[in-house]
Amino acid sequence: DAEITQSPRHKITETGRQVTLACHQTWNHNNMFWYRQDLGHGLRLIHYSYGVQDTNKGEVSDGYSVSRSNTEDLPLTLESAASSQTSVYFCASSEHRGGTYEQYFGPGTRLTVT
Amino acid sequence: DQQVKQNSPSLSVQEGRISILNCDYTNSMFDYFLWYKKYPAEGPTFLISISSIKDKNEDGRFTVFLNKSAKHLSLHIVPSQPGDSAVYFCAATTGGAQKLVFGQGTRLTINP
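Chains as they are written, first to last, in the working numbering: chain E, 1 to 114; chain F, 1001 to 1112.
Extracted from the complex, chain F is given alone in its bound form (with noise of 0.2 Å):
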């Protein structure tokens, strides 16, 4: 069973506009969740992430919303940049485990 889902494999957004990635969790033991960005022939980095006592982190033009009554978190990029465009996954963990649990990720394509 997928226990944290990106429903979405790949988004394009113009230049200059906003970019929303989406994520949704079924287990409501997590309590920490982060997004990694990758770019081919690379390792993922981290981006940014979100404790469940807080329901908005922001960091730069990124920032990350969580709403744990729907299990859903989401990543906003504003403004999206060329740069931006790679795969984005996001994670999750029980903080006790330290372990992350992947989504399948979402390829961005930023357009000129």
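In isolation and in its complexed conformation, chain E is listed as follows (with noise of 0.2 Å):
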């Protein structure tokens, strides 16, 4: 079955370290999704992509990067954590089909920065 993996599972790291997060899909979809969740704030978007080689901004995306080299792949790297990004963070892909714009989510990491 298709699926979106997420690893790892919790991270913990210090302030000022670089820490990549892996998201793994597939479904074969082109669209690929981070977002934070946050108790107040429900679902922000970070970062997403429409395919190979395309990456955008989104809402909340300052310290945070993406690269995607492939399909099945989009890393989330903080580039030097803070502790504001203590956080819940959800990966999700999707494929425009028939007028729906389901995304799928993968399992999600939880990572603490002390």
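None of these hints come from the bench; they were simulated from the model. Keep in mind that this is a model prediction, so the values were computed, not measured. For each residue, glycine too, the CB sits at the ideal point set by N, CA and C. Do not rely on the hints blindly, as some may be mistaken.
[Said to hold, decoys possible] DSBU-like, lysine-lysine: derived pairs with alpha carbons at most 30 Å apart:
| id | chain 1 | residue 1 | chain 2 | residue 2 |
| --- | --- | --- | --- | --- |
| 1 | E | K57 | E | K11 |
| 2 | F | K1071 | F | K1099 |
| 3 | E | K57 | F | K1056 |
| 4 | F | K1068 | F | K1099 |
| 5 | F | K1099 | E | K57 |
| 6 | F | K1068 | F | K1005 |
| 7 | F | K1099 | E | K11 |
| 8 | F | K1068 | E | K57 |
| 9 | E | K57 | F | K1005 |
[Claimed, not checked] Derived coverage of chain E by chain F (criterion: at least 3 residues anywhere in the stretch with Cβ under 8 Å from a Cβ of chain F; other residues may be distant):
| id | segment |
| --- | --- |
| 10 | 29-40 |
| 11 | 45-57 |
| 12 | 100-109 |
[Unchecked claim] Residues from chain F shown here face chain E by an in silico Cβ test under 7 Å; the list is partial:
| id | residue |
| --- | --- |
| 13 | G1043 |
| 14 | F1046 |
| 15 | S1085 |
| 16 | F1089 |
Hey, can you piece these two chains together into the complex? The hints should help.
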């Protein structure tokens, strides 16, 4: 079965360190997204990609970067981790077919920056 | 600015009764709306959606209503079951963009 996976599921890091969160999907979807979930804010879009070599900034992109070298993967990098980036991160993928826009989400990565 | 708002952080409903979750939006360009359900330590899962050309969509116990003039949508769950206890997010998109804007979420608790 097609799926979307994230690793690691939990990560603790120190302020100032570079951290990369992995996202891998086997749906063969062109669209991939990164969100963070914080209490009171719901899910906020960090970066997204509509295909290989395409990346775009979302609502809360400062301090984050992504790269898309193949269809399956969209890693999210925190250049210099800050305590404000402690959050739960979700990756999602989608494909626009038949007028629908559902995104399929991974299980999430809980990141703690100390 | 919060383009999609869920003003009730939590809702408690008795098992067997109707659960009604509400969502308001401000961007009149939104033309497709979705509801997601999220259990703890899991990713959100798609529940039901509606296009702006419709005012109602049903799927089993779940019905979504859209009132475009009021920029309001609601999710009805009938009858409510214990397994429906979760956080529910509404989301909206302008179809061409394909990216979703989410509300803050409503935690639904179904009491036996």
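Hint-by-hint comparison with the structure:
{"no.": "1", "hint": "E:K57 - E:K11", "result": "holds (24 Å)"}
{"no.": "2", "hint": "F:K1071 - F:K1099", "result": "holds (19 Å)"}
{"no.": "3", "hint": "E:K57 - F:K1056", "result": "violated (33 Å)"}
{"no.": "4", "hint": "F:K1068 - F:K1099", "result": "holds (20 Å)"}
{"no.": "5", "hint": "F:K1099 - E:K57", "result": "holds (11 Å)"}
{"no.": "6", "hint": "F:K1068 - F:K1005", "result": "holds (15 Å)"}
{"no.": "7", "hint": "F:K1099 - E:K11", "result": "holds (27 Å)"}
{"no.": "8", "hint": "F:K1068 - E:K57", "result": "holds (29 Å)"}
{"no.": "9", "hint": "E:K57 - F:K1005", "result": "holds (22 Å)"}
{"no.": "10", "hint": "29-40", "result": "holds (count 4)"}
{"no.": "11", "hint": "45-57", "result": "holds (count 3)"}
{"no.": "12", "hint": "100-109", "result": "holds (count 9)"}
{"no.": "13", "hint": "G1043", "result": "holds (3 Å)"}
{"no.": "14", "hint": "F1046", "result": "holds (4 Å)"}
{"no.": "15", "hint": "S1085", "result": "violated (18 Å)"}
{"no.": "16", "hint": "F1089", "result": "holds (6 Å)"}
The structure fails hints 3 and 15 (numbered hints given earlier, in ascending order).
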